[in-house]
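Undergrad: In case you want the letters, here they are:
There are 2 protein chains.
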Amino acid sequence: MTIETAIDALGDLLGQRLTTSGAILRQHGENEAYYPLTPPDAVVFPENTAEVAEVVKICAAHDCPVVAYGTGTSLEGHQLAVQGGISLDLSNMNMVLRVNTEDMDVVVQPGVTREQLNDDLRATGLFFPVDPGANASLGGMAATRASGTTAVRYGTMKENVMALEVVMADGRIIRTGSRARKSSAGYDLTKLMVGSEGTLGIITELTLKLQGQPEAVSAATCRFPSIKDAVNTVIATIQSGIPMARIELIDAMMVRGFNTADGTSLPEAPHLFIEFHGSPASVAEQSAQFGEIAADFGGNGFKWATKAEDRNALWKMRHNAYYAHKALAPELRALATDICVPISRLAEAIEFATTQSTALDLTVTIIGHVGDGNFHCALSFDPDDAAQFSRVQDFMHRLAQKAIALSGTVSGEHGIGVGKIKYMLEEHGEALDVMRQIKHALDPKNILNPGKILPPDTP
Amino acid sequence: MTIETAIDALGDLLGQRLTTSGAILRQHGENEAYYPLTPPDAVVFPENTAEVAEVVKICAAHDCPVVAYGTGTSLEGHQLAVQGGISLDLSNMNMVLRVNTEDMDVVVQPGVTREQLNDDLRATGLFFPVDPGANASLGGMAATRASGTTAVRYGTMKENVMALEVVMADGRIIRTGSRARKSSAGYDLTKLMVGSEGTLGIITELTLKLQGQPEAVSAATCRFPSIKDAVNTVIATIQSGIPMARIELIDAMMVRGFNTADGTSLPEAPHLFIEFHGSPASVAEQSAQFGEIAADFGGNGFKWATKAEDRNALWKMRHNAYYAHKALAPELRALATDICVPISRLAEAIEFATTQSTALDLTVTIIGHVGDGNFHCALSFDPDDAAQFSRVQDFMHRLAQKAIALSGTVSGEHGIGVGKIKYMLEEHGEALDVMRQIKHALDPKNILNPGKILPPDTP
Numbered sequence: 015m016t017i018e019t020a021i022d023a024l025g026d027l028l029g030q031r032l033t034t035s036g037a038i039l040r041q042h043g044e045n046e047a048y049y050p051l052t053p054p055d056a057v058v059f060p061e062n063t064a065e066v067a068e069v070v071k072i073c074a075a076h077d078c079p080v081v082a083y084g085t086g087t088s089l090e091g092h093q094l095a096v097q098g099g100i101s102l103d104l105s106n107m108n109m110v111l112r113v114n115t116e117d118m119d120v121v122v123q124p125g126v127t128r129e130q131l132n133d134d135l136r137a138t139g140l141f142f143p144v145d146p147g148a149n150a151s152l153g154g155m156a157a158t159r160a161s162g163t164t165a166v167r168y169g170t171m172k173e174n175v176m177a178l179e180v181v182m183a184d185g186r187i188i189r190t191g192s193r194a195r196k197s198s199a200g201y202d203l204t205k206l207m208v209g210s211e212g213t214l215g216i217i218t219e220l221t222l223k224l225q226g227q228p229e230a231v232s233a234a235t236c237r238f239p240s241i242k243d244a245v246n247t248v249i250a251t252i253q254s255g256i257p258m259a260r261i262e263l264i265d266a267m268m269v270r271g272f273n274t275a276d277g278t279s280l281p282e283a284p285h286l287f288i289e290f291h292g293s294p295a296s297v298a299e300q301s302a303q304f305g306e307i308a309a310d311f312g313g314n315g316f317k318w319a320t321k322a323e324d325r326n327a328l329w330k331m332r333h334n335a336y337y338a339h340k341a342l343a344p345e346l347r348a349l350a351t352d353i354c355v356p357i358s359r360l361a362e363a364i365e366f367a368t369t370q371s372t373a374l375d376l377t378v379t380i381i382g383h384v385g386d387g388n389f390h391c392a393l394s395f396d397p398d399d400a401a402q403f404s405r406v407q408d409f410m411h412r413l414a415q416k417a418i419a420l421s422g423t424v425s426g427e428h429g430i431g432v433g434k435i436k437y438m439l440e441e442h443g444e445a446l447d448v449m450r451q452i453k454h455a456l457d458p459k460n461i462l463n464p465g466k467i468l469p470p471d472t473p
Numbered sequence: 015m016t017i018e019t020a021i022d023a024l025g026d027l028l029g030q031r032l033t034t035s036g037a038i039l040r041q042h043g044e045n046e047a048y049y050p051l052t053p054p055d056a057v058v059f060p061e062n063t064a065e066v067a068e069v070v071k072i073c074a075a076h077d078c079p080v081v082a083y084g085t086g087t088s089l090e091g092h093q094l095a096v097q098g099g100i101s102l103d104l105s106n107m108n109m110v111l112r113v114n115t116e117d118m119d120v121v122v123q124p125g126v127t128r129e130q131l132n133d134d135l136r137a138t139g140l141f142f143p144v145d146p147g148a149n150a151s152l153g154g155m156a157a158t159r160a161s162g163t164t165a166v167r168y169g170t171m172k173e174n175v176m177a178l179e180v181v182m183a184d185g186r187i188i189r190t191g192s193r194a195r196k197s198s199a200g201y202d203l204t205k206l207m208v209g210s211e212g213t214l215g216i217i218t219e220l221t222l223k224l225q226g227q228p229e230a231v232s233a234a235t236c237r238f239p240s241i242k243d244a245v246n247t248v249i250a251t252i253q254s255g256i257p258m259a260r261i262e263l264i265d266a267m268m269v270r271g272f273n274t275a276d277g278t279s280l281p282e283a284p285h286l287f288i289e290f291h292g293s294p295a296s297v298a299e300q301s302a303q304f305g306e307i308a309a310d311f312g313g314n315g316f317k318w319a320t321k322a323e324d325r326n327a328l329w330k331m332r333h334n335a336y337y338a339h340k341a342l343a344p345e346l347r348a349l350a351t352d353i354c355v356p357i358s359r360l361a362e363a364i365e366f367a368t369t370q371s372t373a374l375d376l377t378v379t380i381i382g383h384v385g386d387g388n389f390h391c392a393l394s395f396d397p398d399d400a401a402q403f404s405r406v407q408d409f410m411h412r413l414a415q416k417a418i419a420l421s422g423t424v425s426g427e428h429g430i431g432v433g434k435i436k437y438m439l440e441e442h443g444e445a446l447d448v449m450r451q452i453k454h455a456l457d458p459k460n461i462l463n464p465g466k467i468l469p470p471d472t473p
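The listed protein sequences derive, respectively, from chains A and B.
Throughout, our numbering is defined as the position within the first sequence, counted from one, plus 14.
Throughout, our numbering is defined as the position within the second sequence, counted from one, plus 14.
Hints in this document: simulated from the structure, not taken from any laboratory.
Errors might be hidden in some of the hints.
Copies of the same chain look alike in the list, so a pair counts if it works inside one copy or between any two.
Unchecked claim - The list that follows gives simulated cross-link-like pairs (lysine-lysine, DSSO-like), each with its CA atoms no further than 30 Å apart:
#: 1; residue 1: K436; residue 2: K330
#: 2; residue 1: K340; residue 2: K436
#: 3; residue 1: K459; residue 2: K340
#: 4; residue 1: K459; residue 2: K330
#: 5; residue 1: K317; residue 2: K436
#: 6; residue 1: K223; residue 2: K317
#: 7; residue 1: K223; residue 2: K416
#: 8; residue 1: K416; residue 2: K71
#: 9; residue 1: K242; residue 2: K223
#: 10; residue 1: K242; residue 2: K71
#: 11; residue 1: K317; residue 2: K71
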């Protein structure tokens, strides 16, 4: 019972839809983060739930790791087969199965991407709001509990996944949740699966909440004398209860990245990018209220984008921030931190991140979904300079500790994957053992995405 | 190792705060539903988390069941020690520990009731929105995933519990979640505990989201020619996106119950009780939009309650609906169904419930949090008439099956407790075994509220 015998058995099942071609293995071993190339032993392309169940049964019988793969846009290496085994690529399961317009929900296969879904929904007047930037698969977004720019208004995947179909580690197919808006009938397995990063089961179908397209949408950029002024504007805005649809912080260096990558000519100062959704009257009211708060902190140079194409250009630029950061130092690798803290602690957390990262003397940018208290500090580094990388790791560790000390979390939205396992004990304490008990109970052979979320039992 | 030896050991630990007094045992064995008196063998009154942990350790060592007790207002017998053992009464742990006004959250002990919390918060301009009617304890509300009249706007306990402290079955104390608004760091143990009805752990501290008091609030009652017209008004209102704060259906017989119990003189016709929250302008806009929809379905006789005391009287009447139902037939027992379906299926579900329950020839009332697709059918019956009770049970079973057939759930908010265990397999299928695996992993001796949620392994 080995990976090799599993591949033989899977080949019998799937024929051409199992591959060991070097190019495809490499593609599934690449990542957007700073981890080395980690090709799996084989890639399979199932076409339906029954096939996924068969694949998992074979892997279980042969003690072979199986790692779900969506679009590969994870920033924490979730999709890497770090203990070898099978990459289970769900891109062929990409159908929108059923749009229930009256109930404002939709049933999709896991390989559907968020852009594909929203294209499909266009004629219905409904949209799926969760928007992590990358055109990720919805299965991957659920598995990593993704969020992004609109979570401040519409919540994360946690709030937007109503029901799932999941293949468990022994190949059983289960359904969790329902299309009812609420339920008190038993343990919330849906929420247990969301964010479990493919370690408890493989998501093969999702039922998602939808939102009505707002009647009016208005977006803007404005700049501030200092990052502190921008952050204080965010805190005051959230505390005043203005129902922001997006409120994003961009530091001066990130603006330089946008200007470099996108050919824009924004002033190189800290900015907020904002968006309002509602009726025309309420959008006007929200904009005016926000303008007053921003003015109190020196906000100026408002540029409004009310036409759809201008807003799309604005958010496309924001979504490409990670690539724009990389463009500032194309010869280096990049990584992004992801802490999230209570809003009252946000200024302290960003001040800490700025001071500590400046001392590294590297290219550093700060952006964030600051309405949720979540921000990213991206750093470029030379992977061949071990001393430098050690300093970067040390900074990341101090920032993680700071997040925990401020009643926050080491990951607001990127997940644990490979890179943040080392902070799990510090964040969760004894609760980590409860997570382990659940993992052992549901995947006793540890075949589902081993090496993710949970640190080894004996460190 | 028996219940008796556990009681001896607990007496050594707690002294006077363990009791076997008949009156107190009976009080903890009573219930708001139709279950027979089920006194525990002893009641303990711990005063802090460390004591709860010691109690659970002793119970674990002696294989003695331990059942958390809040205010005893469950409608499904959650608090009954159906296999004997200890009732763990958390009413002495009733402190509001910390209000974080800047972050709009609060940390409380589990024995704090929702009315106590909102009294405490009055000066802050904040409030805790989840409102199941009864003045339940917040620990109990979390354990049963409670919701109520405001869930349509503010969500259920699931959406409003941010973090927990929990004593596990072996006495370990864990912390789940954080005060950050979102996190992707590991399995969502908070959501696993919410709704687990004391079967996976004892909640000893909760961090809850708060809301800002709305600038303007307006409530109203209006009546309809038929229950179908009222339901169609609800469906159209929800689909139009009006952000209702409450939208409650009351059938004609329930109105008679209010008139009987509260001395009101409402016309005995189907009613909607509604409430709007927002700025004065938005409340006015919402009211006008709702009025137009209601008029389309024959809604008339609007009575507005804009003064706080009038609104309080209105919602107090609604909250006492279960007692008002009982007042219609004080010599009988009552029970309430609790199905929840997608809003597009609500008219069909209520039509089914009405037709089928009318055939029983009993006193039946229908009320519901219809904005969520959730409604209750309360029935009065004679507990000594076995044939009648069998017909009632048969009706409940058919209604539960209907809910599942309509993509809904057998419990919108009351939970499983004792009464709905028999529907768990039908609703969850194979997923029920996954719930069992989790229970076995976290409570291998089955000491935490045994006999709840999970049907016996071999039926």
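Undergrad: Hint by hint, note whether the structure agrees.
TA: Here is what the structure says about each hint:
no. : hint        : result
1   : K436 / K330 : neither (33 Å within a copy, 51 Å between copies)
2   : K340 / K436 : within (25 Å within a copy, 57 Å between copies)
3   : K459 / K340 : neither (39 Å within a copy, 54 Å between copies)
4   : K459 / K330 : neither (42 Å within a copy, 54 Å between copies)
5   : K317 / K436 : neither (42 Å within a copy, 60 Å between copies)
6   : K223 / K317 : neither (32 Å within a copy, 34 Å between copies)
7   : K223 / K416 : between (34 Å within a copy, 23 Å between copies)
8   : K416 / K71  : neither (43 Å within a copy, 34 Å between copies)
9   : K242 / K223 : between (36 Å within a copy, 26 Å between copies)
10  : K242 / K71  : neither (54 Å within a copy, 49 Å between copies)
11  : K317 / K71  : neither (56 Å within a copy, 62 Å between copies)
Hint compliance for this structure: hints 1, 3, 4, 5, 6, 8, 10, 11 are broken, all remaining hints hold.
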